[in-house]
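Take these sequences, add in the hints, and give me the full structure.
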Amino acid sequence: MNEIEDDRPQPARDAPLRTLWHDAVDGWAAPGALERLPAARRLLDAGADRDDLTLLARAVAHEAVFTTLEELDRSRPAAGLHEDLLTADPSGRDGQDLWQ
Numbered sequence: 005m006n007e008i009e010d011d012r013p014q015p016a017r018d019a020p021l022r023t024l025w026h027d028a029v030d031g032w033a034a035p036g037a038l039e040r041l042p043a044a045r046r047l048l049d050a051g052a053d054r055d056d057l058t059l060l061a062r063a064v065a066h067e068a069v070f071t072t073l074e075e076l077d078r079s080r081p082a083a084g085l086h087e088d089l090l091t092a093d094p095s096g097r098d099g100q101d102l103w104q
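Residue numbers (this note's numbering): 5 to 104.
What the hints contain is simulated information worked out from the structure, not anything from laboratory work. Each residue gets a CB set at the ideal place from its N, CA and C atoms; glycine is no exception. You may find that some hints are simply not true.
Label pairs and their in silico Cβ distance ranges [unchecked claim]: (1) Arg46 - Ala68: 17 to 23 Å; (2) Gln100 - Asp53: 35 to 41 Å; (3) Gln100 - Ala19: 18 to 24 Å.
Given below as structure tokens:
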């Protein structure tokens with residue numbers, strides 16, 4: 005879809021979606037992000053794999069953002085935000101790596 009076909013101003017949608025992906029989803033991959041949570045710190049101290057915990061945190065964050073946007077789509081005229089979140093993935097994988 006493009007702006008003309010769907011009559012939505014894409015930059016106004018894309019910027020917040022990219023910010024949500026960067027801050028809420030990928031923010032868990034930042035150094036020290038897991039250590040901010042006592043439960044994650046305990047799991048790391050117990051020998052849990054950092055990459056697995058990071059993937060878990062990113063997947064949970066993605067699901068929370070996606071579900072929130074999906075609910076907004078149902079109740080507001082901003083339909084399609086939850087689907088557009090996938091295209092905000094800077095890796096170009098549309099979030100597929102979170103579910104493997």
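- [ ] Look at the Cβ atoms of arginine 46 and alanine 68 and judge whether their distance stays inside 17 to 23 Å.
- [x] holds, 22 Å
Open item on the list: Within 18 to 24 Å: is that where the Cβ-Cβ distance between glutamine 100 and alanine 19 falls?
Closed with: 23 Å Cβ-Cβ, so the 18 to 24 Å window holds.
TODO: Determine whether the Cβ-Cβ distance between glutamine 100 and aspartate 53 falls within the hinted range of 35 to 41 Å.
DONE: Roughly 20 Å apart at Cβ, these two residues miss the hinted range, so it is violated.
Checked against the numbered hints above, the structure breaks only hint 2 and satisfies the rest.
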